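The opening residue of the sequence shown carries number 1 in UniProt numbering; numbering runs sequentially from there.
Treat each hint with caution, since some may be false.
[Unchecked claim] In silico EDC-like links for lysine to aspartate or glutamate, alpha-carbon gap of 16 angstroms or less: (1) K187 to D262; (2) K207 to D155; (3) K93 to E61; (4) K220 to E254; (5) K187 to D216; (6) K230 to D194; (7) K230 to E204; (8) K233 to D194; (9) K47 to E234; (10) K252 to D194; (11) K230 to E254; (12) K121 to E205; (13) K220 to E205; (14) K187 to E266.
Simulated from the structure, these hints should not be mistaken for lab results. Computed from a predicted model, the values in this text were never measured in an experiment.
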Amino acid sequence: MSVSIGVIGTKGGIGKTTIVSNLGAILADMGFRVLIIDADPQASVSKYFKLHHKAPNGIVEFLLGENSTELMRSVISKTVFPNLDIILSNDFKDDVRRRVDERIDRAFLVMSKLVMPFFDKSYDFILFDTQGAVGPVQDAVALASTVLLTPIKPDVLSVREFISGTQESLNRIRHSAVMNLKVPPMKALIYAQDRTRDSRMISEEVKNYFKVNFLDGNQKLLNTIIPAQKAFKEAATLQTPVHCIEREHPGKSEPALQIMLDLVHELFGIDNKPKFFNELSNLLPEYVNPENADKEDTHD
1 MSVSIGVIGT KGGIGKTTIV SNLGAILADM GFRVLIIDAD PQASVSKYFK LHHKAPNGIV
61 EFLLGENSTE LMRSVISKTV FPNLDIILSN DFKDDVRRRV DERIDRAFLV MSKLVMPFFD
121 KSYDFILFDT QGAVGPVQDA VALASTVLLT PIKPDVLSVR EFISGTQESL NRIRHSAVMN
181 LKVPPMKALI YAQDRTRDSR MISEEVKNYF KVNFLDGNQK LLNTIIPAQK AFKEAATLQT
241 PVHCIEREHP GKSEPALQIM LDLVHELFGI DNKPKFFNEL SNLLPEYVNP ENADKEDTHD
């Protein structure tokens, strides 16, 4: 059974796309079959990776089309990275939200796709990037997910929005759930913590908030912290997974590779030593750097 991860948050700019892109990439690099679904009209994750094959259809057809294997195949684009596929956002008119909201089956819409044998046979992990807002698409993603992941930036506005926005949205879904549908466990993640005293203090307040308010274990703050390292920005610019460009870090800070491994282990309990891309030389032939084309791959 595929594991589906809905990365959610009612505020934009909190790191959802960065988390989806790099979590999906490292899982794919470990040998898992990964599908990223861009359910955000801004289409940020759709632009993150270079493509080997661009599908004729995208998120519009995935959400609103018939539940047929033929149609689902037509929405899958291939990135240049092995094991990493993506459903692109083609919601150019930004009207999917309205069209989903008009459907009587809107709560089950995403779930009805993921239970198709096609997805279970094709992918180990399915990750959703969502718009920083409240709406029927976000609700449908939440109800179809195995686990929810929400980044929290350690600044006052982001923390307030998490409490008043994301938490209230999840509570609303719980209270209005139909047919015994349950909201999955939610894991929160401190994202972009910098070295300032203010950032560290707010992070501690977030930790205390979780200790006091969430004792049932259904909502948990992860121990892994994504720091405000320039490697994550550089990776986005290069359209490259961050663990590929920073395997070591000068100084005392952990490299991006270790940070992402920690996140994978904490989320899924995966702790085997994986094999990684060798400076992108495992890409499809047309994307291999000519200088490296004739070199023997000695990576283990």
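Each hint tested on the structure:
Restraint check: the Cα-Cα separation between K187 and D262 comes to about 14 angstroms, which is no more than 16 angstroms; the hinted pair holds. A hinted pair counts as satisfied when its Cα atoms are at most 16 angstroms apart, and K207 with D155 qualifies at roughly 13 angstroms. Only pairs whose Cα atoms come within 16 angstroms are accepted, and K93 paired with E61 is accepted, the gap being roughly 14 angstroms. Taking the CA atoms of K220 and E254, the gap is about 23 angstroms. The hint is violated against a cut of 16 angstroms.
Of the supplied pair hints, the one linking K187 and D216 holds, its CA atoms being roughly 13 angstroms apart against a limit of 16 angstroms. Among the hinted pairs, K230 with D194 is consistent with the structure: their alpha-carbon atoms are about 11 angstroms apart, no more than 16 angstroms. Note on K230 and E204: the hinted pairing is violated, with a Cα-Cα distance of about 23 angstroms set against a maximum of 16 angstroms. Only pairs whose Cα atoms come within 16 angstroms are accepted, and K233 paired with D194 is accepted, the gap being roughly 14 angstroms.
Taken as a hint, the K47 and E234 pair is honoured in the structure, with Cα atoms around 14 angstroms apart against an allowance of 16 angstroms. Distance hint between K252 and D194 is fulfilled; the C-alpha atoms sit about 14 angstroms from each other, no more than 16 angstroms. The straight-line distance between the Cα atoms of K230 and E254 is roughly 13 angstroms, inside the 16 angstroms bound, and the hint therefore holds. Simply put, K121 and E205 have alpha-carbon atoms about 43 angstroms apart, too far for the 16 angstroms limit, and the pair is violated.
A distance of roughly 14 angstroms separates the Cα atoms of K220 and E205; the hinted pair therefore holds under the 16 angstroms criterion. For the given pair, K187 sits about 10 angstroms from E266 by alpha-carbon distance, which is consistent with the 16 angstroms threshold.
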